[in-house]
Amino acid sequence: MTTAGVAAEHLEHALHDDRPFIRKYVFSTDHKIIGIQFLFLSLFFLLVGGVLAMVIRWQLGFPGKAMPLPGAWPSTMAPDGVVLPEFYTALVTMHGTFMVFFAIMPLLVGVFANYLIPLKIGAPDMAFPRLNMWSFWLMIPAGALMVAGFFVEGGAASSGWTGYAPLSANPEYTGATYGQQLWCLSLIVFALSSLLGSVNYITTVVNLRAPGMTWFRLPLSIWALFITAILALLAVPILAGALIMLLFDVVLHTNFFLPAGGGQPLMWQHLFWFFGHPEVYILILPAMGIASDLIANGSRKPIFGYHSMVYAICGIAFLGWVVWGHHMFQSGMNPRLGTTFMVSTMFIAVPSAIKVFNWMGTMWRGNIHFTTPMLNGIAFVAMFTIGGLSGIFMAATPADMYIHDTYYIVAHIHYVLFGGSLFAIFGGIYFWFPKMFGKMMSERLGKIHFALTFVAYNLTFFPMHILGIGGHMRRIYDPSQYEFLRPLQPMNEFISLSAFALFISQLPFIWNFFHSLFWGKKADINPWHDNGLEWTAPSPPPHGNFETTPTVYHGPYEFSRPDMEQDYLPQNQPLPAPQPVAH
Amino acid sequence: MSHAATHTIEHAEEGLGVYTQKLGMWVFLCSEVMFFTALIGSYIILRWGSAESWPVPAETLNIPVTALNTFILICSSVSMVKAYAAAVHDDQRGLKRWLLTTVLGGATFVGVQAYEYIHLIGKGFLPSSGLFGSTFYTMTGFHGFHVTCGVISMAYCTLRAFRGKYAGGNFHGIETVGLYWHFVDLVWIILFTIVYLF
Chain V
1 MTTAGVAAEH LEHALHDDRP FIRKYVFSTD HKIIGIQFLF LSLFFLLVGG VLAMVIRWQL
61 GFPGKAMPLP GAWPSTMAPD GVVLPEFYTA LVTMHGTFMV FFAIMPLLVG VFANYLIPLK
121 IGAPDMAFPR LNMWSFWLMI PAGALMVAGF FVEGGAASSG WTGYAPLSAN PEYTGATYGQ
181 QLWCLSLIVF ALSSLLGSVN YITTVVNLRA PGMTWFRLPL SIWALFITAI LALLAVPILA
241 GALIMLLFDV VLHTNFFLPA GGGQPLMWQH LFWFFGHPEV YILILPAMGI ASDLIANGSR
301 KPIFGYHSMV YAICGIAFLG WVVWGHHMFQ SGMNPRLGTT FMVSTMFIAV PSAIKVFNWM
361 GTMWRGNIHF TTPMLNGIAF VAMFTIGGLS GIFMAATPAD MYIHDTYYIV AHIHYVLFGG
421 SLFAIFGGIY FWFPKMFGKM MSERLGKIHF ALTFVAYNLT FFPMHILGIG GHMRRIYDPS
481 QYEFLRPLQP MNEFISLSAF ALFISQLPFI WNFFHSLFWG KKADINPWHD NGLEWTAPSP
541 PPHGNFETTP TVYHGPYEFS RPDMEQDYLP QNQPLPAPQP VAH
Chain H
1 MSHAATHTIE HAEEGLGVYT QKLGMWVFLC SEVMFFTALI GSYIILRWGS AESWPVPAET
61 LNIPVTALNT FILICSSVSM VKAYAAAVHD DQRGLKRWLL TTVLGGATFV GVQAYEYIHL
121 IGKGFLPSSG LFGSTFYTMT GFHGFHVTCG VISMAYCTLR AFRGKYAGGN FHGIETVGLY
181 WHFVDLVWII LFTIVYLF
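Sequence lines, in order, name chains V and H.
Counting in the numbering used here, the first sequence runs without a single skipped number right up to 583 at its last residue.
Counting in the numbering used here, the second sequence runs without a single skipped number right up to 198 at its last residue.
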């Protein structure tokens, strides 16, 4: 048989879908199903993290007062509805852990990398579909171990999401012996899942691009996800190594981080942030890539400075490795190092600013369509800019001495992680939902959700800057115990009420999501008139994605060409022949 | 890693010119380098970054036995190269023989390490025995775990070789596992040097 004949037979086999239900939707090796599985899982954890945040906000806004349904709370956590101090520290720890590792990171990488990479590069699936399936199914035990922390003796881990030693290394300090062990184990399993995903994403982008899909014709979302996969590949094993040492300190009584046995607590901080700072970019780069795609589409214009966008992603990723010390200015490390880390951190402002100006340049005089994805994309740029600017204050050692470990930091992290990443994620979900499920989400509900979230979000997090400047510490159980914080208590109350409003603002999204899933308007093949290859496959695409391997003729941002009537040109259609110039 | 579990497309855009399984293994090994860097880097900081004196390894550890064990592991790397060459030249008898040799070499290494652990624990040298015990057991333990995984995957390859799955110059699986095996060897040479000899 000829090669072409074998290929055709293989394709027919791939597209003809007679797999049983369990192979198709449960233990599936199809990257699209795995992406959707990640979507449901991480949205669930986003909700869990959100609920924990509500309890935190209740305690901060109304310290010592009973929560609603006082009888329903377990007496080990909140007897008669009043949050216990040790439960509060567990809440702060688990909120951070769930949001970073089980909500935002899998939403960006698990969902969008899995779903978009093969579709956008014109591949039938990932390079290693079975490893990809394992990557998802390892997240289930990882999540279960983390949740289990709440139900063991001593409660969930209470040493903060950063797990600083020696607080985390000696169970006597927090009392959460089993909780801390489960936290370590869960994150080790998570690291394994992340590793399998990264190997897949990198190999797939390098080796499985469709003919004509050269490196500089890749959509920026794919560039960002590719660079992110490299960061995760190299950073997460550092966390795994540190977690293993921490776990051994707790279980086997080794002495890595315990000064009594000669260990060095500061080494935990170095290891954690050597992972942790690349992790920060793992959480924002894919959002930047998604926002680039959304903004070019919503502005009906080619992205401004495509090449500089790619180099900026690479620059941010590289600089991300040499700035970890800016988390440790106050840790007691050699102060001379502070200046080095301050300078390297300031450098990151350059590629970040290039990206922000390029997004504005893309929108400038564009034919802007204010769709829900576009609105979320614009919000991403605005909120990321505020978060980026507040970051520069903390990068400067003299300013950081004052705002370190205050609510200013809390405001900053939420401006980049919620205002940045999460708005891009919402935009991405609205944008690719039609491709994922073959149904449109309601634009009206989408805009209501966007407007409510945007307002409530800013009311919640902006005042935190002011609290921080006022000296309000983060992770504090009861701010009213300090005389100097008492005048700030009305602001705390206001923030809590805004946070509850922010939580309620997500109801239209949940309703919209599930209602559209079943009763939404049927989606066309290309509802947003976009150029990516995923929009040339049916909605939803079948197993194997494309009927024939697409050929790519140009980059993904050919919008509003002056020589064409139609304002978009999918990547699998050749550019129009140049017209002879009339003299 | 079987063929059915990987995807390739016809006439793809040029990647790195490396087949998918091999590329995947290289990418995976980059991650492994970072994992061992975390453990070995911590060891270096804990040992040479503090003013306290470090115990002399030879007083606790049996250097000659481990040196012999190191030699066995290096030999198994050589036999892995032989197995790969046999697979490329479609020499099925040679492939089976050299794969079996490699599995035996790897299994011997793990066996000697287990014996070493039992002996040391019997002497009262535990993970809780100061920083030396902490770092020794963590680093050699995770290396031993990697060797064990290698032995299991090579035993699987040997089984497939006996079933003729690598006939006709189908060497990809052997080369991919071989890459992992050489990496594990390399890590051991570093560990042996800095933990036992220094």
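These aren't lab readings, by the way, just hints derived from the structure by calculation.
Built from N, CA and C at the ideal position, the CB exists for glycine as well.
It is possible that part of the hints are untrue.
Quick look at which bits of chain H chain V covers, simulated, 3 or more residues with Cβ under 8 Å [unchecked claim]:
(1) 45-51
(2) 89-97
Cβ-to-Cβ under 10 Å is the rule here; a few derived chain H residues that face chain V [claimed, not checked]:
(3) 37
(4) 42
(5) 59
(6) 61
(7) 133
(8) 156
(9) 171
(10) 172
(11) 173
(12) 175
Anything over 10 Å on all C-beta distances counts as not near chain V; from chain H, calculated [unchecked claim]:
(13) 12
(14) 79
(15) 162
Checked hints:
{"no.": "1", "hint": "45-51", "verdict": "holds (count 4)"}
{"no.": "2", "hint": "89-97", "verdict": "violated (count 0)"}
{"no.": "3", "hint": "37", "verdict": "7 Å, holds"}
{"no.": "4", "hint": "42", "verdict": "6 Å, holds"}
{"no.": "5", "hint": "59", "verdict": "18 Å, violated"}
{"no.": "6", "hint": "61", "verdict": "17 Å, violated"}
{"no.": "7", "hint": "133", "verdict": "7 Å, holds"}
{"no.": "8", "hint": "156", "verdict": "15 Å, violated"}
{"no.": "9", "hint": "171", "verdict": "18 Å, violated"}
{"no.": "10", "hint": "172", "verdict": "13 Å, violated"}
{"no.": "11", "hint": "173", "verdict": "13 Å, violated"}
{"no.": "12", "hint": "175", "verdict": "15 Å, violated"}
{"no.": "13", "hint": "12", "verdict": "6 Å, violated"}
{"no.": "14", "hint": "79", "verdict": "27 Å, holds"}
{"no.": "15", "hint": "162", "verdict": "23 Å, holds"}
In summary, the structure is inconsistent with hints 2, 5, 6, 8, 9, 10, 11, 12 and 13 from the numbered list given earlier, while agreeing with the others.
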